[in-house]
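> Chain order of the listed sequences is A and B.
At position 66 of the first sequence the residue is numbered 66 (my numbering), and the sequence of numbers has no breaks.
At position 31 of the second sequence the residue is numbered 31 (my numbering), and the sequence of numbers has no breaks.
Think of the hints as simulated: they come from the structure by calculation, not from any bench.
If we take Cβ atoms under 8 Å as the criterion, some of the chain A residues that face chain B in the derived model are:
hint: 1; residue: 23
hint: 2; residue: 29
hint: 3; residue: 72
hint: 4; residue: 82
hint: 5; residue: 113
hint: 6; residue: 132
hint: 7; residue: 177
Note that beta-carbon positions come from the ideal geometry of N, C-alpha and C, so glycine has one too.
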Amino acid sequence: MASHTPASGRFKRIGFAALLYLAAVALGLGSAWWVLRKASWSGTVVKVGPWTGSTLAGSTDADLYTRARVALEGLLALGRDETMYYVARQDDAGQPLRSACSYRVEGLPPAARWWSITAYADDLFLFDARNRQYSLNGSTARLDARGQFALVTGPQAVEGTHWLPTPGQRGLVLTLRLYNPAPELQAAPARLQAPTIQAIGACP
Amino acid sequence: MRTWRNTQRLWFYRALTLLATALIVHLLAVWATPRLIMNRLMTGPAAQDMAMLNRAAFPPAVDASSRRVVMPSPDLLYSVCVFDGSAGPVRVRANPGLPSYWSIALYAANSDNFFVLNDRQAGATPVDLWLVSEGPNPRDPAVPPGARVVVSPSAQGFLLMRVLTADYEAEKAVVEPARRTLQCNPGGA
Numbered sequence: 001m002a003s004h005t006p007a008s009g010r011f012k013r014i015g016f017a018a019l020l021y022l023a024a025v026a027l028g029l030g031s032a033w034w035v036l037r038k039a040s041w042s043g044t045v046v047k048v049g050p051w052t053g054s055t056l057a058g059s060t061d062a063d064l065y066t067r068a069r070v071a072l073e074g075l076l077a078l079g080r081d082e083t084m085y086y087v088a089r090q091d092d093a094g095q096p097l098r099s100a101c102s103y104r105v106e107g108l109p110p111a112a113r114w115w116s117i118t119a120y121a122d123d124l125f126l127f128d129a130r131n132r133q134y135s136l137n138g139s140t141a142r143l144d145a146r147g148q149f150a151l152v153t154g155p156q157a158v159e160g161t162h163w164l165p166t167p168g169q170r171g172l173v174l175t176l177r178l179y180n181p182a183p184e185l186q187a188a189p190a191r192l193q194a195p196t197i198q199a200i201g202a203c204p
Numbered sequence: 001m002r003t004w005r006n007t008q009r010l011w012f013y014r015a016l017t018l019l020a021t022a023l024i025v026h027l028l029a030v031w032a033t034p035r036l037i038m039n040r041l042m043t044g045p046a047a048q049d050m051a052m053l054n055r056a057a058f059p060p061a062v063d064a065s066s067r068r069v070v071m072p073s074p075d076l077l078y079s080v081c082v083f084d085g086s087a088g089p090v091r092v093r094a095n096p097g098l099p100s101y102w103s104i105a106l107y108a109a110n111s112d113n114f115f116v117l118n119d120r121q122a123g124a125t126p127v128d129l130w131l132v133s134e135g136p137n138p139r140d141p142a143v144p145p146g147a148r149v150v151v152s153p154s155a156q157g158f159l160l161m162r163v164l165t166a167d168y169e170a171e172k173a174v175v176e177p178a179r180r181t182l183q184c185n186p187g188g189a
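Here chain B stands alone, though its shape is the one from the complex (with noise of 0.2 Å):
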């Protein structure tokens, strides 16, 4: 009787670890499936070919080519950067100066959309932030007295600017300027 309770507890523990176990697995790959797709989106081959840490990248229109990011929209040209604000704020500029929808966006390490800016709110004025990671960084410079602060949640991360375009081939000469005026570079620079 003793060595069947034994055998029991033993299978008990075992199963019972089993479980335990597999809950850990699935739920460090839900939590880390965003942060891998992530990563791989900002230190990829095609992020490392675009050049896009702290600097402004402009990818081609969206067509059947492209596929680095699920769902791309064909009424929409982006551009893109990777920030990094480990050693020291980020500053983005952008003055499309379009009618027409646009907007900037900053998805965190996470694939959170934390901050996003369009054309009505930015109005008249050219977009000027400073992107600074949560926390105290010693190294920070100052960033001007007034100007647009926007702490983001992780270091690293993604910036997205969206502009609409209906008609690519007719509004071409409009719409690359205006996607081209977006700046992403260390603030010290």
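Okay, chain A solo, but in the shape it has when bound (with noise of 0.2 Å):
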């Protein structure tokens, strides 16, 4: 039968303080992942339809919690006054963006110097498009006679629209890059008048 030795008791209240620890830094580094990566975030995010977009990103009035998101998820973001970004993970119904299923994304041109759509994985790099059609940009937009734009993302090309192919089963992430936006727009940036996502037939 064990006995309670001075010695035995220190070893566990020294295994028990490093049990302790270890679920402490467990719990810190838990926290921060969920924090970044999963929490929905207000205030300093504006919504927009299917977009959001951060009004500190690349700002260096950005708060602990901003800085750190944009450096996972928009490392080197401009400030507002420059570039404006907002990002669409879901549809207009608000379905998340899937790679394999295709949607119709148009809208007016916004008010920006320039302008620029990309789809993304949903590890935030471009796709492998054999045709090399990452983004519809404000160059090369054809607009139509009520002067908007449309492009297409998925697997399948549609006859007359800008497509960006979007090969794979995974998530996928829309980009909005608005260079040198207009003032108003920069003042407020919930005013943008939002392309419109739209899947387009059955997704697989």
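Two independent chains are provided; combine them into the complex using the hints.
Dropping the structure here:
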């Protein structure tokens, strides 16, 4: 039968303390990961339709959490007086964007000197598009009679519409960049006339 | 009763230790995240391959193989430089001479964009910046009078020059020489 010696009691205490600190470190790291990767944000985030943008991305006024989140999801962003970024991970119906599905994105050219919409995979890097078409921008977009641009993302091209291939079965992220945005948009990022994102047909 | 109170107190302090430590670790992790990412960008294997410490480097045009920084823009051509002002000012020069958008942005070691200059702001004047780090640095050679000085909040940081190219293959002959006008050298050199 084991007896409780002072030495074994000390080892127990040291073991318990080590366990306690390990649990604390795991809790601290886990909560940081959750906050930066999973938590939905408000405050410094504006939401316009399916698009969200940070008002403090790249700014020296960014708080601890905004700075960390931007470093993870948009490192080397510019401040909003230079460039504004809006990101969409859902379509207009609130469904998560998927690369295997097709979407039509259309709208009026945003109030900025130059703009672009880029399709990224969920790891935030470009899709391996065989036609090397990764984006639609203010120079390449053709406007229709209503003055609107349109693009299609998905595995298949759609006749007559700019196509951004999104091969594979994974999440899709669309990024709208506005270079030198109009002052009124800088002042009120929620005033963006957001491009619509609508699913085309059934999604496999 | 007294024993129970001691046990209760012991568990209270244990829980307090756990929560305080977790909070400190949480804040440290969030604080360190942008700094670690920037550190990797500035000193990682890719940065060393491109030898961009106080020297301009010109990564290839963005495509699906560009995986150094998240969300690379396929509509921009980049020039980069890791500046280190700890041994003196760093001089940044460029003269892209393009009618379309370009900009030079400076990022501190914590990822903050503390300075940006675009084509409209630069006008027809070539860019000539003297980049110095905050605080007194007795080893700094004198920055020439009248020079445009930019103070970096950190000794080390990252310079990113963006040159707009809506169609790289068609515009290559113009935009490539334009982005290669970037120079990033120790000020005394």
